[in-house]
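K.L.:
Spelled out from the first residue to the last, the chains are:
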Amino acid sequence: MTREGYVNSALVAALIGVPLWAHVAGEPFTITLATRAVIFALAAVGLNLALGLGGLVSLGHAVFFGIGGYAMGILAYHAQIYSPMFPDTLAIEGTKSMPVIWLVAILCSALAAFVIGLLSLRTTGVYFIMITLAFGQMFYYFTISWSAYGGEDGLSIYIRNSFPGLNTLVPIQFYALCFALLGGALWLSARIARSPFGLMLNASRQVPHRVETVGLNGQRAKLLAFVISGAITGLAGALFADLNRFVSPTMFSWHMSGEIMIFVILGGVARLFGPVAGAVLFVAMEHVLGDLSDYWHIYLGAVLLGIVLFARGGVIGLLAGQAKGHD
Amino acid sequence: MSAILIVEQVLNGLQFGVMLFLMAAGLTLIFGVMGLINLAHGSLYMIGAFIAATVAGLTGSFLLAVVAAMAAGAMAGALIEMTVIRRLYHTDHLDQVLATFALILIFSEGTRALFGSFPLYLDTPALLSGPVTLPGGIEYPRYRLALIAAGLAVALGLWLLIAKTRIGIQIRAGENDREMIAALGVDIRTLYTFVFALGAALAGLAGALVGAIQSVQVGMGEPVLILAFVVIVIGGIGSIKGAFVGALIVGLTDTLGGVFLPELFKLFMEPASATQIGASLSSMAIYLLMAAVLIWRPTGLFGVRT
Amino acid sequence: MTEPVLDIRGLTKHFGALVVSDEIDLSLRPGEIHAVIGPNGAGKSTLIAQICGTLAPDAGVIRLNGQDVTRLPTRARARMGLARTFQISALAMEDTVLQNAMLGALGAAGNPWRLFSRAISDKALRASAEAALDRVGLLDKAAMRTSDLSHGERRQLEVAVALTLKPAAFVMDEPMAGLGAEGGQRMTALLDQLRHEAPILLVEHDMDAVFALADRISVLVYGRIIASGPPDAIRTDAAVRDAYLGEDA
Amino acid sequence: MTMKATLLLASMIALGSAASAETRIGMITTLSGGGASLGIDVRDGFLLALEQSGRDDIEMIIEDDERAPDVAVQLADRMIQAEDVDIMTGIIWSNLAMAVVPSVTAQDVFYLSPNAGPSQLAGRGCHPNYFNVAWQNDNLHEAAGAYANTAGYTNSFILAPNYPAGQDALSGYQRFYEGELAGELYTQLGQTDYAAEIAQIRASGADSVFFFLPGGMGISFLRQYADSGLDIPVIGPAFSFDQGILQAVGADALGVVNTSQWSPDLENEANVAFVSAFEEAYGRIPSLYASQGFDTANLILSALEVADPNDDPDAFREALRAADFASTRGEFTFGPNHHPIQDIYVREVVQDGEIFTNRLIGVALEDRGDAYADDCSM
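Chains as they are written, first to last, in numbering that gives the first Met the number 0: chain A, 0 to 326; chain B, 0 to 305; chain C, 0 to 248; chain D, 0 to 377.
Possibly wrong hints are sitting among the right ones.
Some, not all, of what chain B presents toward chain D, calculated at C-beta under 7 Å [stated by the list, open to error]:
| id | residue |
| --- | --- |
| 1 | Thr110 |
| 2 | Ser116 |
| 3 | Pro130 |
| 4 | Ser214 |
| 5 | Gln216 |
| 6 | Val258 |
| 7 | Thr274 |
| 8 | Gln275 |
| 9 | Ile276 |
| 10 | Ala278 |
Rather than coming from a laboratory, the hints here were simulated on the basis of the structure. Glycine included, each C-beta is placed from N, C-alpha and C at the ideal position.
Build out the structure end to end from the sequences listed, making use of the hints.
P.N.:
So this is what it looks like as structure tokens:
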């Protein structure tokens, strides 16, 4: 096994061991923290597909996170008040079933990613960063004033949604669910990275003109990567909403986009487990530094600067050295 | 809606636009010359406002406060350029985004640690307070007129600096060909520090000028920063002219959209929901505009096609 | 006379007042190497860009195997067998040599939208890529990271990627650029073999290679073809000597 | 600043280290970022009351929510799951309250709101374990509308940010206001330039302006309004005129009328003692948020005298409902939905030496409950 393999295994062991210990020791909040980290990791695995493999620096991934959150919020809200959506025309019933909510979250965020990607991919470089940022702001302002679903107040869901065969209100069970989904997303990313599509996408990032001259459509490859990326981040949004039993426009804020990007870079861009390491580290710092000082963001900023300036390749890069086959 | 009101709103849009220009000019200059995307530009704006409020509180002089704000902006700019930014010129945009995002965290929380969480107070100078009557009977705040004048003066000065002076030639050369200016014997490190400090000073100036009519508080730079990004994307990144035109377009769209969209919706909706929907739409208007511009011209109005 | 594989008629392109392609007629017949030479700024790069579809001509027609491709995008021309190599190597430096070659094979196979299968275990892709690498002498370096290749090896890999496309015609942009004497000879030998695979439109500065390889030479000056013919005729052409060889050779 | 910190530290040590701690109170409030001044005031007022009580069997756990709903939810989960708190309080913002309160009360923990009073929690979403010690969100706006009538205004221009609290504010004002509307505007949340709105006010021919623009928005609006030379009288809820904000607005706010359930110059015994104790402890005049934090703590203390929330939650709830404590705002009772029934006063901004503060000028609404109590089936 490579060094990176050892680091990844240690990470997985921690993500299994720590919550189990917390469950036995009766420390439910530790499980909640771990759940938060796993959900953030899932969102970042989504971004990593666009960012690491496709080279798409999206500063608007909060859009998909938020859409996933609102898919959960709106469906559960209608189930909670026992009144359907669009009562006059379609009369769609709400639902509290997680699988249905996830499916809707994935489809909606994929659709949004398709439209946003179609427009944003006309640009490159800084323009791409900024147009994705602008789309994020658009959604943010829209949801703030969208009074039907709480506007800035957001939507509160009193009881966590259900999953067949599980009691999701038990922290360890909900955690297991999130962890399984993260595993699925990691498996998907690993497959995609090695697939013919991944080969094309990887080359599109590095030498877009080459991809065209061998008869492949690199732009469309990036668009598909962006859509899959958005869908995964959207699923994470739905889980995050369920963790908090609450959604609000802050899920769309550009700070959220920045944080998802931080997870990826903190851990290591284009490393399979980079987003996981980044999210775990971020949540840990948030927890530990937040207890130490009111001004913990200063330390967070310093750590980030240190990573960018001195430890390119993120935490995994620091621990496992240069990636194989990647920069 | 009367003609006077429309003229007044156009003036308001103009005033907003020239202040945005001060922010956008620095951003676009820094990107054009060094190829750097600087998210921490809003922090320099905030620093300008805080220093201005402090100096005005100590000395009572608004002029001194503005000068101090520019100096503080320039100094903070030069400091981060020499310690952090300099290492980012040769990295990709991703690293730049992250590092300058980290700088925002440090500056915001640092400012809060130093100045506390309560908003500060910066008064408009007595000479410029109160309204003035313009031809046609328009009552307009004197200070806002002064802001328009100051903004236009800075724009003119910037144009002169870049078009007519030796350092301007170096800056323009830096935008086109980095090796060439090194070959010309220009110390490129000093030039970069100067350009960054210049941009930072403009941000500090904007913070001080706007701080006098708004609240001076932590986080005040971020909304302006995002608007400044919209400006330079519309105008074309790297182009001062684009920043100027983009700033006026954004200033006018934002101001006039907020006024006219609700009126427009009132034509076919009941007033209460028209004001609400109109307001929602106007808050999204500049982003829609930006998306439209990018679809039409992916490198902005005055951007270099790559 | 055999039908030309690549046939260009009346190709014209302006940049404002500047004419970069002035009614260019050019053809490429099976089995031949047709070299285009000319001083810097003569319009060779814009000619290649138009042939390969990254730049749209103002007027004129480009036919590939008799089909009008003038308005088709780059990738459509590539799928029809137009294989281009770049003056500055356009390779995925972070990937392995094999992966770069497989990219070409993937383009030729035309089935890239597979998300779950492993590219490396696709036998057809792999065979095609390895055959091309073998052809240019890089098979033993297949597992190396491309950025670790020497400059000459990268030029060879460029050609290998083009080879995987099962090309109808090659368009090569200065394949000798930056190669030393030994590397140049190896590349010359390689191109000499490749002409039997598909004809080569060769844009090249290296006059020794051009005169050694080309069946025909066209001389491009200020966007116009001022002379076209076999090497011996070009060598003695007064207009060419005057406009080009006189100053540059 | 240092003094405050020392006091805080002292009280934390005194309260936190008590081995016999029996009651655990979790406070989640905003201590950083924009809006931190409100949370700091609530916390300081609350701690002052605890300090005065001299009890050493109460443990306080204080956390900063950064004004982010998801952070607040995390903290609430931690306090309930890991810290085992009995009572929670502290939240400033309605959106955070909506994120936290329903799940807190659902887990059988008491929640006492020292500030936010969203209509949902006053109406259909009311809960036996939820008490609001400040006001229902609409109250101060309603009072402003009532005051406009008595002041003889018949043509108001009204504006608020385009978000739920803003929409509630404008409808709250119109619930009691009987005149015409010269104009109605929704601004962008977080907007800092009001030139366009002020021009519209000028052109509208209004005889009064009602605005609800909390935090920095209000500061910007008032200063720009004063600078525009407009002299149409302005009315607003107390949120834009609390002690923290007034110092940043300066002379531009002088003479503005605002509505509040509390004022530093209210002449009841509890308030006089509170204002001087607060000034002595923290070196600044208390704001209404400080008074709300102080009242919340005293309400809890009064109920703890009667029953323990752990042993006998029903008795504790009854004791809270009785509201048997000396409120800084005078008479204080709870309505059927556990929201206050209280007088809402009218205040005017005045200058006292270097300090800008408020002075009472009348009562806008007497014994006002709220508009949502009927929807509450408790």
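K.L.:
Please verify that hint: Ala278 of chain B, Cβ, nearest Cβ of chain D, below 7 Å or not.
P.N.:
The hint holds - Ala278 of chain B has a Cβ within 7 Å of chain D, the shortest such distance being about 4 Å.
K.L.:
Against chain D, with CB atoms and a cut of 7 Å, does the hint on Gln216 of chain B hold up?
P.N.:
5 Å, holds
K.L.:
So, as I understand it, the hint says Thr274 of chain B touches chain D; can you test that by seeing if any CB pair is closer than 7 Å?
P.N.:
5 Å, holds
K.L.:
Regarding the hint that Thr110 of chain B lies at the interface with chain D, is the smallest CB-CB distance below 7 Å?
P.N.:
Violated, about 11 Å.
K.L.:
Can we keep the Ile276 of chain B interface hint, with Cβ of chain D closer than 7 Å?
P.N.:
Given a least distance of 9 Å, the restraint on Ile276 of chain B is violated.
K.L.:
Given Ser116 of chain B as an interface hint, is its Cβ closer than 7 Å to any Cβ of chain D?
P.N.:
With Cβ-Cβ at 3 Å, under 7 Å, it holds.
K.L.:
Just to be careful: measuring from the Cβ of Gln275 of chain B to every Cβ in chain D, is the smallest value less than 7 Å?
P.N.:
For Gln275 of chain B, the interface hint holds, since the closest Cβ of chain D sits about 6 Å away, which is under 7 Å.
K.L.:
Is the interface hint satisfied for Val258 of chain B? The criterion is a beta-carbon contact with chain D at less than 7 Å.
P.N.:
Holds. Min distance 5 Å.
K.L.:
Under 7 Å is the threshold here; is the Cβ of Ser214 of chain B close enough to any Cβ of chain D for the hint to stand?
P.N.:
Check passed: Cβ of Ser214 of chain B comes within 4 Å of chain D, closer than 7 Å.
K.L.:
Can we keep the Pro130 of chain B interface hint, with Cβ of chain D closer than 7 Å?
P.N.:
Holds: closest Cβ of chain D sits about 3 Å from Pro130 of chain B, inside 7 Å.
In summary, the structure is inconsistent with hints 1 and 9 from the numbered list given earlier, while agreeing with the others.
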